[in-house]
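With chain B held as given, fit chains D, S and Z onto it using these hints.
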Amino acid sequence: MDITVRIQSDDFDAAAEIRKLTEGNGDIGAVVTFTGLCRDEKGTLATLELEHYPGMAEAEIRRIADEAATRWPLNGVTVIHRYGKIAPGANIVLVVTTSAHRTAAFEAAEFLMDFLKTRAPFWKKEWLADGTSGDWVEAHDRDDSAAERWKNT
Amino acid sequence: MDITVRIQSDDFDAAAEIRKLTEGNGDIGAVVTFTGLCRDEKGTLATLELEHYPGMAEAEIRRIADEAATRWPLNGVTVIHRYGKIAPGANIVLVVTTSAHRTAAFEAAEFLMDFLKTRAPFWKKEWLADGTSGDWVEAHDRDDSAAERWKNT
Amino acid sequence: MKILYFAWVRERIGKPEEEIDLPGNVKTPSDLLAFLRTRGPEYESAFEEPDVIRVAADQTHVEHDMPITDAREVALFPPMTGG
Amino acid sequence: MKILYFAWVRERIGKPEEEIDLPGNVKTPSDLLAFLRTRGPEYESAFEEPDVIRVAADQTHVEHDMPITDAREVALFPPMTGG
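Residue numbers (our numbering), protein chains in the order written: chain B, 194 to 346; chain D, 194 to 346; chain S, -4 to 78; chain Z, -4 to 78.
I should point out that these hints are in silico values taken from the structure, not numbers from a laboratory. You may find that some hints are simply not true.
What the hints assert, rightly or not - As a list, the in silico BS3-like pairs of lysine-lysine whose alpha-carbon atoms are at most 27 Å apart: (1) D/235 x D/318; (2) D/318 x D/278; (3) D/235 x B/235; (4) S/22 x D/278; (5) S/-3 x D/318; (6) D/235 x D/278; (7) B/235 x B/318; (8) S/22 x S/10; (9) Z/22 x Z/-3; (10) B/318 x B/278; (11) B/318 x Z/10; (12) D/278 x B/213; (13) D/344 x B/344; (14) D/318 x S/10; (15) B/213 x D/344; (16) S/-3 x S/22; (17) Z/-3 x B/318; (18) D/213 x B/278; (19) S/10 x S/-3; (20) D/213 x B/213; (21) Z/22 x Z/10; (22) Z/10 x Z/-3; (23) Z/22 x B/278; (24) B/235 x B/278.
Excised from the complex, chain B in its bound form:
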């Protein structure tokens, strides 16, 4: 099992990450990627600032990836999460899962995103187009419910 976790301010390249996980690996039949982008909130958002807890961010995402690897027959998992200032339309997070079959790859990618949302120590603050600092983004109950659904499976 090939698990890669990176916390970085730089952008990432989904295609390059897919290639790294699949090249020379003839067992893989399914690759799922999830890319989370910064929405522009109809033009009101200037920048999204992502604060994180260095050290714990990587450790916690690795724990989530390890858990995914015990639940599904995966060949590889890559998670990249950016921090710092993110422009509207830019990438925030990438999850790539590979498996022999599509169900494992899909479910593991959803599981990873659900737990990234509720357990990875990142916080988003909005900076508005009118020059003011907006609010810290509030956590959604729907994200907690999404994570809850994996408890009994």
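Then chains D, S and Z, alone, in the frame of chain B:
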């Protein structure tokens, strides 16, 4: 809603297709891709040959994509399905879905794959590494069950 | 009517398509499969299990008991294995 | 013990981290939050709703009633909004 369906013998570039769907579109918060690859079957497979029904292949995939667009709040859907001879490790099919939120993008991509498997007029024949023609790949009951689950939702 | 064959149905029959004048009592895919089986051993072999054959009329999936008399082309093929 | 603050907890307290000698009766995150609230209005403001605060001991999530006396560093922060 931006729906693209392409049936082609050439390879595709997942990153380029993501870019086409997202560029200049600030409403998108989530991009899910599924890439189906040709497994090497532990070295026994020389080539996979994909036969298709020209015309109907595109029409049927477009019907499935239209159905996905009515079920989920999507910004875009791209489906590319290759035909002809496919080498082990090479791409067979690409599905890209974009939405404001991740649940719609994930569910729509799974829906598209489940129905591509059971309704898109493609047939796989294996050519073996020992030079002989292998069998036509048999349809899986598990694919029918996967498609069935969407009936009551 | 233009009849198309794909995958092992095409291989067993030995041709990808043909134009056939159908008798008036062929109104559904079931009727068509029963009629084609009378045309020779290659058809008998292709359609020995008619229930597994999938049918499209004018490039749209149809059930075995649906009317196809208005179709311009009808395709007969095994369960699909794309994706 | 090293105490870290993130996001609006950090902003309200006005610093990202500090070293604090904790009294012996601070054994859990609940105890810690109650103790910190006595340190001034900025702490009172940060922890006015202690139930919403999430806690990590040595970079691992912990519940409010778990022991943290052996931890080298404890972090206090709002619900996470990554992903």
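How the hints compare with the structure:
1. D/235 x D/318: holds (17 Å)
2. D/318 x D/278: Holds, at about 9 Å.
3. D/235 x B/235: violated (50 Å)
4. S/22 x D/278: This hinted pair is violated, its Cα atoms lying about 37 Å apart.
5. S/-3 x D/318: holds (25 Å)
6. D/235 x D/278: holds (18 Å)
7. B/235 x B/318: holds (17 Å)
8. S/22 x S/10: holds (23 Å)
9. Z/22 x Z/-3: Holds. Residue 22 of chain Z to residue -3 of chain Z sits at ~15 Å (cutoff 27 Å).
10. B/318 x B/278: Since the Cα atoms of residue 318 of chain B and residue 278 of chain B sit roughly 9 Å apart, the hinted pair holds (cutoff 27 Å).
11. B/318 x Z/10: holds (17 Å)
12. D/278 x B/213: holds (24 Å)
13. D/344 x B/344: holds (25 Å)
14. D/318 x S/10: Given that 27 Å is the threshold and the Cα spacing comes to 17 Å, the pair holds.
15. B/213 x D/344: violated (37 Å)
16. S/-3 x S/22: holds (15 Å)
17. Z/-3 x B/318: The hint holds at about 25 Å.
18. D/213 x B/278: holds (24 Å)
19. S/10 x S/-3: Given pair residue 10 of chain S, residue -3 of chain S holds - Cα atoms ~12 Å apart, limit 27 Å.
20. D/213 x B/213: Holds, because 23 Å separates the two Cα atoms, which is no more than 27 Å.
21. Z/22 x Z/10: holds (23 Å)
22. Z/10 x Z/-3: holds (13 Å)
23. Z/22 x B/278: violated (37 Å)
24. B/235 x B/278: Holds, at roughly 18 Å.
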